[in-house]
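Peer 1: Start from the sequences and build out the full structure, keeping to the hints where you can.
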Amino acid sequence: MLDQQKIFAGFSRDKSNLLPILHALQDCHPHNYLTEESLRAAARFLGVNLSWVYGVAGYYSMFSLKPRGRYIIRVCNSPVCSMMGSSGIIDILTGILGIKPGETTPDGLFTVEEAECLGICDVAPALMINRNVYGNLTRKSLKALIEELRKKQHGQK
Amino acid sequence: MIREKRILLKNSGVIDPFSIDDYIDAGGYRALALALARTPGQVVEEVIASGLRGRGGAGFPTGTKKQAAARNDGKTIRYVVCNADEGEPGTFKDKAIMESNPHLLIEGMIIAGYGIGADIGYIYIRGEYYDCITRLQHAIDQARERGYLGDAITGRGFSFNMEIRPGAGSYLCGEELTLLESLEGKRGYPRIKPPFPAEKGLWGMPTLVNNVETLASLPGIVEYGSSWFRSSGTERTPGTKIFSVCGDVKRPGCYEVDAGIILEDLINDLAGGTNNGKPWKAALLGGAAGTFVPYACRDLSLCYERLKENCAILGSGAVIVIGSERKLIPFIQNILKFFRHESCGKCVPCRIGTKFIYERSLEITGARHDERLDVLDELVCHARQMAQSSLCPLGQSPILPLETLQRHFNETIATE
Chain A
346 MLDQQKIFAG FSRDKSNLLP ILHALQDCHP HNYLTEESLR AAARFLGVNL
396 SWVYGVAGYY SMFSLKPRGR YIIRVCNSPV CSMMGSSGII DILTGILGIK
446 PGETTPDGLF TVEEAECLGI CDVAPALMIN RNVYGNLTRK SLKALIEELR
496 KKQHGQK
Chain B
342 MIREKRILLK NSGVIDPFSI DDYIDAGGYR ALALALARTP GQVVEEVIAS
392 GLRGRGGAGF PTGTKKQAAA RNDGKTIRYV VCNADEGEPG TFKDKAIMES
442 NPHLLIEGMI IAGYGIGADI GYIYIRGEYY DCITRLQHAI DQARERGYLG
492 DAITGRGFSF NMEIRPGAGS YLCGEELTLL ESLEGKRGYP RIKPPFPAEK
542 GLWGMPTLVN NVETLASLPG IVEYGSSWFR SSGTERTPGT KIFSVCGDVK
592 RPGCYEVDAG IILEDLINDL AGGTNNGKPW KAALLGGAAG TFVPYACRDL
642 SLCYERLKEN CAILGSGAVI VIGSERKLIP FIQNILKFFR HESCGKCVPC
692 RIGTKFIYER SLEITGARHD ERLDVLDELV CHARQMAQSS LCPLGQSPIL
742 PLETLQRHFN ETIATE
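As they're listed, the protein sequences go chains A and B. This note's numbering numbers the first residue of the first sequence as 346 and each following residue consecutively. This note's numbering numbers the first residue of the second sequence as 342 and each following residue consecutively.
In short, the hints are calculated from the structure, not lab data. Small disclaimer: the values here were computed from a predicted structure and weren't measured. Don't take every hint at face value.
Cβ-to-Cβ under 10 Å is the rule here; a few derived chain A residues that face chain B [to be verified]:
#1 Leu363
#2 Leu367
#3 Asn394
#4 Leu395
#5 Trp397
#6 Val401
#7 Val425
#8 Met428
#9 Gly433
#10 Ile465
#11 Val468
#12 Asn477
Beyond 10 Å from chain A on every Cβ pair, some chain B residues (computed) [claimed, not checked]:
#13 Gly510
#14 Arg528
#15 Leu641
The C-beta atom is built at its ideal place from N, Cα and C for all residues, glycine as well.
Peer 2: Have a look at this one:
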């Protein structure tokens with residue numbers, strides 16, 4: 346709640362701030378999603394209906410209305426990445442993590458999503474994990490990447 | 342051997358994108374001072390004379406757009422909006438500019454604002470471009486500190502402010518009117534055209550919507566003049582163009598060259614040729630909403646006029662190279678899947694059409710070879726109806742790859 350107040354303090358009550366506000370609310374949630382409470386708070390702050398905010402949150406693919414993992418793996422599945430082997434990338438991830446696109450690992454660490462063009466076609470096949478881009482993926486590099494993130498997580502615990 | 346002609350990317354990789362001093366030492370913000378010493382009308386005239394055409398995809402003359410946005414009495418509120426929602430598959434050129442030289446875009450936007458009499462500019466940037474957002478925000482803050490943004494810029498009477506608005510993962514928001522809807526904090530649904538943004542744009546006010554590469558071209562035009570600008574490129578496509586080459590090439594990346602470069606020179610000399618060294622099978626020009634050309638068209642000059650004669654488009658400057666071993670059927674199916682995913686659902690022809698043609702396209706795979714062409718023909722026919730009846734460019738897009746696939750690759754589809 347305190348976090349939310351801090352977030353709203355950084356914005357004017359201008360409707361055009363709705364997307365940036367939703368980004369900020371989502372980013373501050375440990376499960377990377379927009380709760381009903383945060384949607385209500387955004388609606389109150391901007392003086393618009395909840396249905397308006399819900400409609401916007403539901404429209405854009407970067408917003409999630411259900412809890413996600415700590416690491417959101419967005420695999421680019423656009424024509425270029427697909428040609429360069431993105432379906433293989435999804436298969437490898439499914440093999441390593443045991444989840445299909447749209448699902449989250451039981452430990453709450455990873456969510457895999459299929460994304461449309463991420464603008465990183467020069468390093469296809471590519472994906473993003475949270476804010477970072479990883480390209481020219483191979484089975485080996487992907488395995489190492491996931492391993493590294495797992496280790497990092499255990500190190501923190 | 343063709344070489345790059347770096348004008349917009351001249352300082353990319355040379356200067357520190359986080360340092361305004363680096364930019365100023367390289368001659369940055371000199372064009373802004375020159376622009377402010379002239380009248381707004383003179384600045385717009387110079388842009389018209391340069392023949393610069395929008396680099397986002399549609400190729401509309403930039404000067405004309407400016408003139409339209411500047412019209413009406415002096416009291417109306419106006420806006421400059423930078424379209425940095427680069428979402429066309431195969432396109433990553435705007436990112437190259439924003440990441441490596443954010444001040445160039447900022448300077449271009451201030452000049453545009455001065456030209457049309459706007460005092461605020463928004464950069465609508467795709468939400469996934471985190472590095473660009475960080476660098477642009479840093480650059481905006483620096484520019485404000487140094488008096489290039491804010492009230493009474495560099496001691497003159499002109500005021501201009503700038504804000505960044507990140508998108509949230511919608512391809513359609515790259516379409517200018519949809520972008521404005523999103524910028525107003527709404528779902529990304531297209532508006533009916535006309536009125537165009539120059540008449541009725543953001544919050545109903547005259548708005549100039551320009552692509553990143555277009556705005557980044559303005560400082561050069563102001564500083565060195567329109568005839569200098571016209572010394573690059575072709576008569577009807579003046580200037581340089583940044584092409585983003587990807588797919589089956591050895592060196593995928595952004596290449597800034599004279600507009601009008603020969604396709605094969607771009608692929609061979611700059612992008613290093615195909616991965617397997619064999620002639621490529623197809624190139625998709627302009628992204629998913631682009632046009633296929635076969636290897637036989639390798640001598641095509643990449644400028645608006647020559648491409649139009651050959652039923653191809655320049656679009657955003659994306660060149661997706663498809664190697665000899667690739668199959669085209671899964672490729673086109675993926676493109677159609679993309680459109681199905683990105684259709685916003687507002688108008689029926691696109692909502693139903695994108696789903697229908699994608700599902701029907703899947704039947705090509707299992708169809709007998711002689712039946713495949715009938716399916717393709719049916720897809721083209723539906724896509725044409727969609728193009729005629731859809732509200733916005735998304736519904737009008739599938740026809741481009743489908744029609745050119747049918748024109749050049751009928752035999753390949755039948756035998757693949």
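Peer 1: It remains to establish, for every hint, whether it holds in the given structure.
Peer 2: Here is how each hint holds up against the structure:
1. Against a cut-off of 10 Å between C-beta atoms, the interface hint on A/Leu363 holds, since the closest Cβ of chain B lies about 4 Å away.
2. For A/Leu367, the suggested interface contact is upheld, since its CB lies about 7 Å from the closest CB of chain B, less than 10 Å.
3. Against a cut-off of 10 Å between C-beta atoms, the interface hint on A/Asn394 is violated, since the closest Cβ of chain B lies about 12 Å away.
4. The interface hint given for A/Leu395 is violated, since its Cβ lies 14 Å from the closest Cβ of chain B, which is over the 10 Å cut-off.
5. For the restraint placing A/Trp397 at the interface with chain B, the shortest Cβ-Cβ distance is roughly 8 Å, inside the 10 Å limit, so the hint holds.
6. Against a cut-off of 10 Å between C-beta atoms, the interface hint on A/Val401 holds, since the closest Cβ of chain B lies about 6 Å away.
7. Proximity of A/Val425 to chain B holds as hinted, the smallest CB-CB distance being about 5 Å (cut-off 10 Å).
8. Taken as an interface hint, A/Met428 checks out: its beta carbon lies about 6 Å from the nearest beta carbon of chain B, inside 10 Å.
9. Hint status for A/Gly433: violated, given a least beta-carbon distance of 13 Å to chain B, over 10 Å.
10. Here the hint on A/Ile465 is kept, as its CB sits about 7 Å from the closest CB of chain B, short of 10 Å.
11. A hinted interface residue such as A/Val468 counts as satisfied when its beta carbon comes closer than 10 Å to some beta carbon of chain B; here the least separation is about 8 Å, so the hint holds.
12. Of the supplied interface hints, the one on A/Asn477 holds, with its beta-carbon coming within about 8 Å of a beta-carbon of chain B, less than 10 Å.
13. Non-interface call for B/Gly510 relative to chain A: violated, since the shortest CB-CB distance, roughly 4 Å, does not exceed 10 Å.
14. Not every beta carbon of chain A lies more than 10 Å from that of B/Arg528, the smallest distance being close to 4 Å; the non-interface claim is violated.
15. With 10 Å as the threshold on Cβ separation, the claim that B/Leu641 sits away from chain A holds: the shortest Cβ distance comes to roughly 21 Å.
Taken one by one, the earlier hints fail for this structure at numbers 3, 4, 9, 13, 14, listed in ascending order.
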